[in-house]
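Read off the chains here:
Number of protein chains: 2
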Amino acid sequence: MHRNLDTNLSHLHEHLLTMAGYVEQALECATAGWRLRNTTKIREVYAIETKVNESHISVDASCLQILALQHPLAADLRLVVSILKINTDLERMVDLAVNIGQNTEYYLKNESEIEVEDLSEMTDEVRVMVREVLDAFVKSDEGLANKVLERDDKVDSFKRKIWQDTTEYMKKNPSAIEQGLNVILIAKNLERIGDHATNIAEDVIFSMSGEDIRHAGKPGKVK
Amino acid sequence: MHRNLDTNLSHLHEHLLTMAGYVEQALECATAGWRLRNTTKIREVYAIETKVNESHISVDASCLQILALQHPLAADLRLVVSILKINTDLERMVDLAVNIGQNTEYYLKNESEIEVEDLSEMTDEVRVMVREVLDAFVKSDEGLANKVLERDDKVDSFKRKIWQDTTEYMKKNPSAIEQGLNVILIAKNLERIGDHATNIAEDVIFSMSGEDIRHAGKPGKVK
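Chains A and B, in that order, are what the protein sequence lines are.
Heads up, the first sequence stops at 392 in our numbering, and the numbers go up one at a time, no gaps.
Heads up, the second sequence stops at 392 in our numbering, and the numbers go up one at a time, no gaps.
One or more hints might be untrue.
If chains are identical, the list can't say which one is meant, so a pair holds when it fits in one copy or spans any two.
[As the list claims (entries may be wrong)] Distance condition first, Cα-Cα at most 27 angstroms in a straight line; then the derived BS3-like pairs of lysine-lysine: (1) Lys340 <-> Lys328; (2) Lys330 <-> Lys316; (3) Lys316 <-> Lys340; (4) Lys254 <-> Lys308; (5) Lys340 <-> Lys308; (6) Lys357 <-> Lys316; (7) Lys278 <-> Lys330; (8) Lys210 <-> Lys340; (9) Lys254 <-> Lys340; (10) Lys220 <-> Lys340; (11) Lys341 <-> Lys254.
Rather than coming from a laboratory, the hints here were simulated on the basis of the structure.
Build the full structure now, drawing on both the sequences and the hints.
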């Protein structure tokens, strides 16, 4: 006997939140890696990735089952389709946290030379984005989802500044080129985590209002 | 009156192929930019992106309409869900072509110093992946989709080699740091286009067989 649609959607919702919790943990461990010069934390990211990959497959399978057996309509259908997309975004966010872990392993091979204060601030901003977009999803809060979209501009500015400063540092200190490159890649990966948070924010807005705001007002915006 | 499911799926299929054609064009223009030192070609990528963004929204809307009105089942349902995902991948691939265009604009600000032969070979490999995965989708050819997955390892090797060689070059020639950084980012963006081609290959396999092969056999594989 199939459970009813509401119960299944609620179950799916919870599953996605568990997965989102893993994403937060992965981001925390990956960035603690370079903040604390701690490779143990990086190993934790790789373990979290395995769990998220399992959830990724399982959430997709549940969505398909709901679509096949319960034919959700209107807001329920938008929710299932949004969950399919958010699931992909969450999985990619953990991949990016793994990338940050790998960049950090290279970074730690050299003694710290490059200033990473901006990178710390950028990380805090991205973590707030991830936290807020999950809150927006849980509370179906369209206003909060819009706030996440605005926050993305700040993250992009951090990335540009870090790239510029690090490139200048590398020019003056060619021995720091490899370390600098890894700082640049960490910033790039953080920016992409922020981009996925904006994707989720757009999905939350779509799920609630039926309004597709993607590609609106930001022509040529690269994600 | 609603058209029947087969007609709608066939229409959606065609729409996705038009979009895939744009992706191929975008990749060609973006890479022609640095191959031919031609900024006109780069401008074409930005125009293509606008069209792809429109298709992205329209394909998603058609998928939702089919799910809402025609309740596809089994292979048809898997096809619609796969198209939703492939649509996202194609849109991201064009974003990455735009990134390559932007990297190339920076790259062309300096006189060419860095050897880009490997980058040319890597580009050819990625273009073959994109072409093959679209053929696999059109012909529902699982064997070809599997071939695309294998090809991804070669693309990853190219990226590693380009990163290593370019970093060495930058160490010896600090004046080429900015140009080198853009070569590294072009390689990164090409690798990510390849990753999206593997996503599509996995979706083609899933759509045909119902078998979800993601995360299988490649623990910790970063996309």
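> When no copy is specified for Lys220 and Lys340, does a C-alpha distance of 27 angstroms or less occur within a copy, between copies, both, or neither?
Replying inline: For Lys220 and Lys340, the Cα distance exceeds 27 angstroms both inside one copy (41 angstroms) and across copies (39 angstroms).
> Are the CA atoms of Lys340 and Lys328 at most 27 angstroms apart within a copy, between copies, both, or neither?
Replying inline: both (18 angstroms within a copy, 23 angstroms between copies)
> Should Lys341 paired with Lys254 be assigned to within, between, both, or neither, using CA atoms and 27 angstroms as the limit?
Replying inline: Neither: 44 angstroms inside a copy, 45 angstroms across copies.
> At most 27 angstroms between C-alpha atoms: does Lys340 with Lys308 qualify within a copy, between copies, both, or neither?
Replying inline: neither (48 angstroms within a copy, 51 angstroms between copies)
> 27 angstroms Cα cut-off: does Lys278 pair with Lys330 within a copy, between copies, both or neither?
Replying inline: both (24 angstroms within a copy, 20 angstroms between copies)
> Taking 27 angstroms as the upper bound on the Cα-Cα distance, should Lys254 and Lys308 be classified as within, between, both, or neither?
Replying inline: Result: close both inside a copy and across copies, 18 angstroms intra and 26 angstroms inter.
>> If the cut is 27 angstroms between Cα atoms, do Lys316 and Lys340 qualify within a copy, between copies, both or neither?
In response: Neither. Shortest intra-copy (37 angstroms) and inter-copy (42 angstroms) distances fail the 27 angstroms Cα cut-off.
> For Lys330 vs Lys316, is the C-alpha pair at or below 27 angstroms within one copy, between two copies, both, or neither?
Replying inline: within (22 angstroms within a copy, 41 angstroms between copies)
> For Lys357 vs Lys316, is the C-alpha pair at or below 27 angstroms within one copy, between two copies, both, or neither?
Replying inline: within (21 angstroms within a copy, 30 angstroms between copies)
>> As a check of your reading, is Lys210 near Lys340 (CA-CA no more than 27 angstroms) within one copy, between copies, both or neither?
In response: Neither way: Lys210 and Lys340 sit 31 angstroms apart in one copy and 30 angstroms across, limit 27 angstroms.
> Within a copy, between copies, both or neither: where do Lys254 and Lys340 come within 27 angstroms Cα-Cα?
Replying inline: neither (41 angstroms within a copy, 42 angstroms between copies)
Checked against the numbered hints given earlier, the structure breaks hints 3, 5, 8, 9, 10, 11 and satisfies all the rest.
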